[in-house]
Amino acid sequence: MSAPAEEKTASGSRGSEPPVPDGAITVTVKIRRFNPEFDDEPRWDTFEVPALPSDRVLNLLHYLKWYVDGTLTFRRSCAHGICGSDAMRINGVNRLACKVLLKDLLAGGGKATTITIEPIKGLPVHKDLLVDMEPFFEAYRAVKPYLISYGNEPTRERIQSAADRERFDDTTKCILCAACTTSCPVYWTEGSYFGPAAIVNAHRFIFDSRDEAAEERLDILNDVDGVWRCRTTFNCTDACPRGIQVTKAIQEVKRALLFKRT
Amino acid sequence: MASTTATERTGTSRGGGTLYRGDLGMWSWVAHRITGVLTFFFLFAHVLDTALVRVSPNAYDQIIETYKNPIVNLFEVGLVGAVLYHALNGVRVMLIDFWEKGAKHQKTMLWTILVVWALVMLPGTYFMMERTVSELLGGH
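Sequence lines, in order, name chains S and R.
Taking my numbering, the leading residue of the first sequence gets 1, the next gets one more, and so forth.
Taking my numbering, the leading residue of the second sequence gets 263, the next gets one more, and so forth.
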């Protein structure tokens, strides 16, 4: 087995001669990396990347993976803020790499720009920016995030008024990227906490007039690891790439439990 | 989003990585915890020294006498500051919990309590420290 430094490939998966666009500026990208085969502890790797202000952070990662170091590992799929694969910590806060523009990260006054990229906190790191999402999805499944109704099915569609639909509109926007859950200080220290995303998805059905299992879900979230763990730090609301008012949704579930109104 | 260089933040958080640069609400929560713990330690000492009066009024007087120095006076100002922040932010947290629009106005409420805190602490510190400072400067 060779040492980590020797292991690193000299070029990326698309060669070692990257195209540099006109007007590109060089930024320093500092990435928190971890290779379970060689590293005992995560380490920082620093790269110089030529990029345009209109580039997204994901473009910088692609540049590195394709032309500089093919071993760099991260998730991404649609690259357009829909699939929720590339949540990571950019300059200290959880963001989707495909939604953050370089121009918003540039240091003012002609100073050199450094961008720090780390995996999201609170989930086990598999490699580099890739984390094990299973604990996150486990909490999601535990709140029964699907329509539950009893009795005979209607012969036609389940009718809902516009006002009733509006009641839970905000929480339908979730893409399960885990940016909120892994921004939560409570979740970092108490992995058993359901976390904001699971509560958001419970909220989506608790306040749905067509659903009949609000009580079941409220019971699940009345647990010690449920909504009462929330300390209203608002990190989740700040982190959500879909702009969901996460803390507000959690508070609504708390109040539904306190005052039994859904 | 501001872009600070990574070097100054490296190693500042537990478990490696940088400190999470969270929402204002996160820092208000951190301050709430710290002021809460500080107040708890004061209460701990306060229960002990007050209980001393049951042992012997003389011993109680002796202990209270040792509190009459500039350092303890500074601690008193700190205690008032900690209790005041904890109380005001506690009201803010309750409003976030029980008031429908609480979550929406959390930042405005935070700035409001900070302004109230400063408005109380500025004259408060003056009156609490006035005697100590004048004595330190040779007055009566």
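It should be emphasised that the hints constitute simulated quantities derived from the structure, not laboratory data.
Mixed in with the good hints, there may be bad ones.
Some chain R residues close to chain S (C-beta under 10 Å, calculated; not the full set) [stated by the list, open to error]: (1) 280; (2) 281; (3) 284; (4) 285; (5) 288; (6) 294; (7) 295; (8) 330; (9) 355; (10) 360; (11) 364; (12) 366; (13) 373.
Even for Gly, the Cβ is constructed at its ideal location relative to N, Cα and C.
Restraint outcome when residue 288 (chain R) is required to lie within 10 Å of chain S by C-beta distance: 4 Å, holds
Restraint check, 10 Å cut-off on beta carbons, for residue 285 (chain R) near chain S: 4 Å, holds
Residue hint residue 284 (chain R), partner chain S, criterion CB-CB below 10 Å: 4 Å, holds
Evaluation of the interface hint that places residue 294 (chain R) against chain S, nearest CB under 10 Å: 9 Å, holds
Hinted contact residue 295 (chain R) with chain S - closest CB pair below 10 Å: With a minimum Cβ separation of about 9 Å from chain S (threshold 10 Å), the hint on residue 295 (chain R) holds.
Hint validity - residue 355 (chain R) Cβ closer than 10 Å to any chain S Cβ: With a minimum Cβ separation of about 6 Å from chain S (threshold 10 Å), the hint on residue 355 (chain R) holds.
Per-residue hint verdict: residue 364 (chain R), partner chain S, C-beta under 10 Å: OK, holds: residue 364 (chain R) within 10 Å of chain S, min 7 Å.
Restraint satisfaction for residue 373 (chain R) [CB to CB of chain S, less than 10 Å]: 14 Å, violated
Evaluation of the interface hint that places residue 280 (chain R) against chain S, nearest CB under 10 Å: Hint on residue 280 (chain R): holds, closest Cβ of chain S at ~5 Å, below 10 Å.
Hint validity - residue 366 (chain R) Cβ closer than 10 Å to any chain S Cβ: Hint on residue 366 (chain R): holds, closest Cβ of chain S at ~7 Å, below 10 Å.
Residue hint residue 330 (chain R), partner chain S, criterion CB-CB below 10 Å: 39 Å, violated
Hint status (Cβ of residue 360 (chain R) to nearest Cβ of chain S, threshold 10 Å): Given a least distance of 7 Å, the restraint on residue 360 (chain R) holds.
Of the hints listed earlier, those the structure fails to meet are numbers 8, 13, in rising order.
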